[in-house]
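**Q** Model the full structure from these sequences, guided by the hints.
So the protein sequences, as listed, match chains A and B.
Oh and the first sequence: position 24 is 24 in the working numbering, straight run, nothing missing.
Oh and the second sequence: position 60 is 60 in the working numbering, straight run, nothing missing.
It should be emphasised that the hints constitute simulated quantities derived from the structure, not laboratory data.
Mixed in with the good hints, there may be bad ones.
If you want the footprint, here are the derived chain A segments under chain B, 3+ residues with CB under 8 Å [as the list claims (entries may be wrong)]: (1) 116-128; (2) 275-287.
With the C-beta cut set under 7 Å, the calculated list includes, among others, these residues of chain B facing chain A [said to hold, decoys possible]: (3) 40; (4) 50; (5) 74.
Glycine is no exception: its CB is placed at the ideal position from the N, C-alpha and C atoms.
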Amino acid sequence: MRDAWLLTDSAMPTVDAGVTSPGWARQPWPRDARCWGTECFALALAGMRFRLSGLSAVQRQALHATYGAYVAAPAADQAWTLETLVLRARRDLLRAQRPADLAVHPLVLARAKDRLRIAGDDLRAELPLEGRAPARLWIADELAIADRTVSENYLRVAAAYGALARGGLLLHSAGVVIDGRAHLFVGISGAGKTTLARKALAAGLAVLGDDINAAMPAADGWRTFALPFAGELGAHACAPAACYPLASVHLLEPFRETAVLALAHERRLLALIVAAPFVNTDGDRLAALAHNADALARALPMRRLRSRRDDPFAAIAAVLPQEAS
Amino acid sequence: MSEADALRLHPRIRYRAVGDELGVLIHLERGTVVTMNAQAARTLGLIAELGSRAAVVAAVAAEHDLAAAQVDADLEPFLAELRQQEILR
Numbered sequence: 001m002r003d004a005w006l007l008t009d010s011a012m013p014t015v016d017a018g019v020t021s022p023g024w025a026r027q028p029w030p031r032d033a034r035c036w037g038t039e040c041f042a043l044a045l046a047g048m049r050f051r052l053s054g055l056s057a058v059q060r061q062a063l064h065a066t067y068g069a070y071v072a073a074p075a076a077d078q079a080w081t082l083e084t085l086v087l088r089a090r091r092d093l094l095r096a097q098r099p100a101d102l103a104v105h106p107l108v109l110a111r112a113k114d115r116l117r118i119a120g121d122d123l124r125a126e127l128p129l130e131g132r133a134p135a136r137l138w139i140a141d142e143l144a145i146a147d148r149t150v151s152e153n154y155l156r157v158a159a160a161y162g163a164l165a166r167g168g169l170l171l172h173s174a175g176v177v178i179d180g181r182a183h184l185f186v187g188i189s190g191a192g193k194t195t196l197a198r199k200a201l202a203a204g205l206a207v208l209g210d211d212i213n214a215a216m217p218a219a220d221g222w223r224t225f226a227l228p229f230a231g232e233l234g235a236h237a238c239a240p241a242a243c244y245p246l247a248s249v250h251l252l253e254p255f256r257e258t259a260v261l262a263l264a265h266e267r268r269l270l271a272l273i274v275a276a277p278f279v280n281t282d283g284d285r286l287a288a289l290a291h292n293a294d295a296l297a298r299a300l301p302m303r304r305l306r307s308r309r310d311d312p313f314a315a316i317a318a319v320l321p322q323e324a325s
Numbered sequence: 001m002s003e004a005d006a007l008r009l010h011p012r013i014r015y016r017a018v019g020d021e022l023g024v025l026i027h028l029e030r031g032t033v034v035t036m037n038a039q040a041a042r043t044l045g046l047i048a049e050l051g052s053r054a055a056v057v058a059a060v061a062a063e064h065d066l067a068a069a070q071v072d073a074d075l076e077p078f079l080a081e082l083r084q085q086e087i088l089r
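**A** Below is the structure:
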């Protein structure tokens, strides 16, 4: 039975944060409970609500200017909501507790009991992983909330954990809409997501995003959502707050010729897990991650797309199987 | 159990069965994901549970009704790959 044991492995991208610093989680942490004001701002991301409260009027206006296309409707529906209190922190405190890993990663994550601690250069946050307690986000400057390295970095992590808990996945991917249905092209940094998205835009197609899109289960199949998380293409080049039925997922690989190849189930799982930012470095989320990736890989056509850098999107569309063209 | 017989998984790995056919492993220190077939996932579980090469070989031999010596020889490339990927310490 020499060939009975089979392993397939892949490295995860290192550009994201990882739950990598268990020691750092025990360091001192901001304790300030003072809000910036009494305003709030709610975003709808991938069918979830993210409500930031304790804002000053200036902060609310700044968030509206940045995320206006994603303003959530009043909470009359039953959508899951993550409440986040935005709190004040002293700048020297944030800098004094700077994890060493921030020299390598834009964010550092660490588990602390039932919470996830998030650190960036200008933010600290605590995300509850159980129960209904509000999350807390500390910033030192009032307008830092409008800085994408603060609000976007925080929301990326919160959305990744929220999607996972709801049976879905955030995926490093380019999302392209063809004939009213979305197709995700997953790949790590450098795989060609932005290049493909540019080609799709040049071909007159709607692009959901060139960096991170959400795949969420729904009663009628899987759906994908544009998110306000800008890649190299920039947020304004993409379709804001859009939602489409998800038709297929392709693993994107740069190659000398354009072709579509079959992908075995274990490689589908591998590709989806590698492409799921943040949660794929949290060992306590592996069961949910494997479950959701397995469900998505079984529900939709998923193949390997080799794409030549110079080919226009028409050449790619020509090799996509029927459900993708 | 001798030191040579001991099989110890790296403390920073997490793994899960996915249905009856696959397993998935995350190596939190190396930043790698590994998928594996059912036999590999089952054997990883035996390593975690039994911690001894002789015991793992005996269990696999019993499950497949094979001679222990044959299983021991066949298992070696798999263990070598686990060591190479630092899944085994």
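**Q** What are the numbers of the hints that this structure violates, sorted from low to high?
**A** 1 and 4
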